[in-house]
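J.: Top to bottom, those sequences are chains V and X.
Going by the numbering used here, the residue at position 179 of the first sequence is 179; the numbering climbs one at a time, nothing skipped.
Going by the numbering used here, the residue at position 118 of the second sequence is 118; the numbering climbs one at a time, nothing skipped.
Do not rely on the hints blindly, as some may be mistaken.
As the list claims (entries may be wrong) - Using C-beta positions, here's what the derived DEER-type ranges look like:
hint, chain 1, residue 1, chain 2, residue 2, range
1, X, V184, V, G137, 45 to 53 Å
2, X, S78, V, M150, 56 to 64 Å
3, X, Y20, V, L142, 56 to 64 Å
4, V, G124, X, G117, 47 to 55 Å
5, V, G124, X, G183, 49 to 57 Å
6, X, G117, V, L161, 54 to 62 Å
7, X, M59, V, K326, 48 to 56 Å
8, X, F168, V, L142, 50 to 58 Å
Claimed, not checked - A partial selection of chain V residues facing chain X, derived with a Cβ cut-off under 10 Å:
hint, residue
9, G178
10, L291
11, G293
Treat the hints as calculated values from the structure; they're not laboratory data.
Bear in mind that the values here come from a model prediction, so they are computed numbers and not experimental data.
Quick reminder that beta carbons are idealized off the backbone N, C-alpha and C, glycines included.
Here is how the chains run, residue by residue.
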Amino acid sequence: MSHAVQAAAPPSVPDERIARRSPLARLLARPETGSLAGAVVIYVFFYAVAPPFRGLDALATILYASSTIGIPAVAVALLMIGGEFDLSAGVAVTSASLVASMLSFQLTMNVWVGVALALLLALGVGALNGYLVMKTGIPSFLVTLATFLMLQGLNLAITKLITGTVASPDISDMDGFGSAQKIFAAEWDVGGLSLRISVLWWLLFTAIATWTLLRTRVGNWIFAVGGAQSSARAVGVPVRRVKIGLFMTVGFLAWFTGMNLLFSFNSIQSGEGVGNEFLYIIAAVIGGCLLTGGYGSAVGAATGAFIFGMTTQGIVYAGWNPDWFKFFLGAMLLGATLLNLWVRRRTEAAR
Amino acid sequence: MSDTMTEAPLVRLTDCEKRYGTIIALTGVSLEVHAGEVTCVLGDNGAGKSTLIKVIAGMHHCDAGVYEVEGERVRFASPREALERGIATVYQDLAVVSLMPVWRNFFLGSEVRKGVGPLSRLDIRFMRETTRTELHNMGIDLRDVDQPIGTLSGGERQCVAIARAVYFGAKVLILDEPTAALGVKQAGVVLRYIMRAKERGLGVVFITHNPHHAYPVGDRFLILNRGRPLGDFARDEITRERLTALMAGGEELEQLSHELEGAAATDTALGRVAEEFEHEVAELSIRKTPPEPPA
Ligand SMILES: Nc1ncnc2c1ncn2[C@@H]1O[C@H](COP(=O)(O)OP(=O)(O)O)[C@@H](O)[C@H]1O
Ligand SMILES: [Mg+2]
Chain V
1 MSHAVQAAAP
11 PSVPDERIAR
21 RSPLARLLAR
31 PETGSLAGAV
41 VIYVFFYAVA
51 PPFRGLDALA
61 TILYASSTIG
71 IPAVAVALLM
81 IGGEFDLSAG
91 VAVTSASLVA
101 SMLSFQLTMN
111 VWVGVALALL
121 LALGVGALNG
131 YLVMKTGIPS
141 FLVTLATFLM
151 LQGLNLAITK
161 LITGTVASPD
171 ISDMDGFGSA
181 QKIFAAEWDV
191 GGLSLRISVL
201 WWLLFTAIAT
211 WTLLRTRVGN
221 WIFAVGGAQS
231 SARAVGVPVR
241 RVKIGLFMTV
251 GFLAWFTGMN
261 LLFSFNSIQS
271 GEGVGNEFLY
281 IIAAVIGGCL
291 LTGGYGSAVG
301 AATGAFIFGM
311 TTQGIVYAGW
321 NPDWFKFFLG
331 AMLLGATLLN
341 LWVRRRTEAA
351 R
Chain X
1 MSDTMTEAPL
11 VRLTDCEKRY
21 GTIIALTGVS
31 LEVHAGEVTC
41 VLGDNGAGKS
51 TLIKVIAGMH
61 HCDAGVYEVE
71 GERVRFASPR
81 EALERGIATV
91 YQDLAVVSLM
101 PVWRNFFLGS
111 EVRKGVGPLS
121 RLDIRFMRET
131 TRTELHNMGI
141 DLRDVDQPIG
151 TLSGGERQCV
161 AIARAVYFGA
171 KVLILDEPTA
181 ALGVKQAGVV
191 LRYIMRAKER
201 GLGVVFITHN
211 PHHAYPVGDR
221 FLILNRGRPL
231 GDFARDEITR
241 ERLTALMAGG
251 EELEQLSHEL
261 EGAAATDTAL
271 GRVAEEFEHE
281 VAELSIRKTP
291 PEPPA
């Protein structure tokens with residue numbers, strides 16, 4: 001049979017609507033570009049105004065301060081790219097170290113037993129957060145706000161119940177402490193500089209997260225579930241498994257950070273950690289993660305944490321009142337958010 | 001008609017009924033999809049078009065009636081199963097993840113990897129190249145498959161989704177209102193792709209409420225009205241004008257003309273409108289059932 005209109009399509013139709021992007025525009029469109037530029041500016045700024053900031057020992061201190069925020073921030077960034085929040089990450093760090101120290105101490109066991117049980121608990125909290133979010137459809141902001149409050153209550157109440165104080169007992173003379181300290185909190189003297197192992201862990205986790213995001217199937221899925229969950233599901237991405245896995249990754253790195261603190265200080269205050277969840281999120285956002293998901297990078301989150309470390313320490317080195325710190329943090333957050341907004345507008349302009 | 005008619009159709013739905021609780025969304029609907037043919041499903045909003053394709057795509061089951069794929073009776077548990085049988089659906093709103101690059105969207109959910117174990121990683125070069133060539137074969141020339149797919153226009157995004165389904169071996173391509181939100185030119189691009197898919201031997205189900213989009217590409221036209229078939233025509237059995245008129249909602253038109261007549265007694269302007277309506281309805285002479293299903 002004959003058709004009134006045949007498919008007389010030319011072989012190739014270059015469409016004038018397709019944006020041609022210059023290499024510069026492409027660089028600017030990378031999520032972490034803004035934060036890298038910001039880090040350079042802030043480094044130069046403190047280098048100029050604060051002479052003590054210039055030494056390598058200052059850099060080592062800054063890197064350590066950055067790593068305690070940067071390690072959990074890597075996982076929080078992945079989770080945010082996957083379209084979810086975790087407000088319980090800050091206190092989960094404290095919960096993990098309290099569980100590890102008090103279990104080992106009360107049962108007089110090798111600290112590694114406590115460390116392992118704390119890991120199970122941290123992964124369990126992550127899995128619970130993820131399961132509740134996926135099962136109920138309640139926004140993760142609310143679900144993890146609830147777990148945040150519950151964990152905080154448990155941290156304070158159980159520590160008081162067991163030790164009668166607000167701190168966990170000192171576990172530095174217990175079996176296994178030495179080996180655990182080597183893994184989680186080793187400190188080396190390199191030519192008069194004190195280099196902490198957590199800085200290396202931070203770089204390693206950032207590298208693994210970056211590789212996963214950009215080079216693996218799971219990374220593709222993380223971007224997809226955060227960018228358009230129902231589209232991802234429609235093409236066969238296991239949305240629920242990806243998201244629960246992301247919450248558990250936050251649990252894992254919260255546990256790791258908790259172990260770093262425990263084996264650095266031997267004892268943990270039960271009220272610690274509150275508010276840190278926002279520092280993780282801020283590091284991720286300064287690093288280019290969109291609050292709405294589907295966009296961001298692990299390198300960006302690491303840069304965000306480094307900016308955080310430089311600013312906290314830089315203000316001290318400059319001899320200023322540390323009260324200024326929060327103002328700087330707020331200003332940087334605002335700047336980063338505006339930059340992200342601009343990026344998103346550009347990206348989605350053609351919708 | 002073509003000789004494919006003698007083989008079992010890729011998809012055959014017979015007397016399908018689908019209810020949502022007490023709402024009867026479809027009843028007595030039959031549909032055949034043959035390789036290398038475009039079957040258009042037309043109907044107003046709420047006519048049951050989306051419900052029909054959800055049944056074919058494996059998202060819903062018929063409450064009554066028979067669903068066969070290549071002559072074999074089936075009952076899909078999920079869209080994934082339908083996909084495995086080569087039935088791919090492109091949903092207008094679910095097509096892509098806009099912030100992700102074109103090539104990542106193209107392979108999303110079916111990523112190609114190399115290496116083993118923990119070193120298993122995306123074969124990025126292969127996926128980039130394949131995306132470029134596949135889109136090129138469909139007639140779209142992207143210089144940069146790394147740009148976020150959100151920077152493409154709506155029509156181009158539909159085309160990527162279609163090219164994707166074709167590449168992953170779809171035999172039946174279901175398109176839910178792919179041209180609805182598009183301007184004339186972009187709709188034209190999508191229509192051309194539908195023809196491309198047809199030429200490649202796919203069976204296409206093209207859902208639309210626009211007869212001007214359906215008529216140039218369709219081989220068969222199924223018109224739905226309130227969940228019922230209002231007609232099922234081969235292309236040579238119907239003119240564009242009749243298709244348009246039927247789409248305008250034959251029965252409602254008649255109803256409206258009666259109502260207008262009533263009102264016209266008090267209003268002369270309305271009277272003229274009523275006359276015009278009557279004229280149009282008379283020209284229509286609606287066939288409520290198709291005459292003889294073509295053998
Ligand atoms: N999930 C559902 N639950 C209840 N009713 C539905 C559902 N989906 C569709 N319907 C009803 O079924 C009818 C057909 O809808 P639909 O197939 O979406 O129409 P179309 O795609 O032609 O606009 C409508 O009356 C609609 O309200
Ligand atoms: Mg619909």
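J.: Decide, hint by hint, whether the structure agrees.
T.: Outcome of the hint check:
The hint said 45 to 53 Å for the Cβ distance between V184 (chain X) and G137 (chain V), and at roughly 39 Å that hint is violated. Against the hinted window of 56 to 64 Å, the Cβ-Cβ separation of S78 (chain X) and M150 (chain V) comes to about 36 Å, which falls outside the hint. The hinted window of 56 to 64 Å between Y20 (chain X) and L142 (chain V) is violated, with their beta carbons roughly 30 Å apart. Between G124 (chain V) and G117 (chain X), the C-beta spacing of about 27 Å breaks the proposed range 47 to 55 Å.
Distance hint for G124 (chain V) and G183 (chain X): a CB-CB separation of about 52 Å, consistent with the stated range 49 to 57 Å. The hinted range of 54 to 62 Å is not satisfied by G117 (chain X) and L161 (chain V), whose Cβ atoms lie roughly 46 Å apart. For M59 (chain X) and K326 (chain V), the Cβ-Cβ distance of about 51 Å falls inside the hinted range of 48 to 56 Å, so the restraint holds. F168 (chain X) and L142 (chain V) have their C-beta atoms about 38 Å apart, which leaves the hinted 50 to 58 Å range violated.
The closest approach between the C-beta of G178 (chain V) and any C-beta of chain X is roughly 30 Å, which is over the 10 Å cut-off, so the hint fails. The beta carbon of L291 (chain V) is not positioned within 10 Å of any beta carbon in chain X (closest approach about 13 Å), and the interface hint is therefore violated. A least Cβ separation of about 9 Å between G293 (chain V) and chain X falls short of the 10 Å threshold, and the interface hint therefore holds.
Comparing the model with each numbered hint stated earlier shows that hints 1, 2, 3, 4, 6, 8, 9, 10 do not hold.
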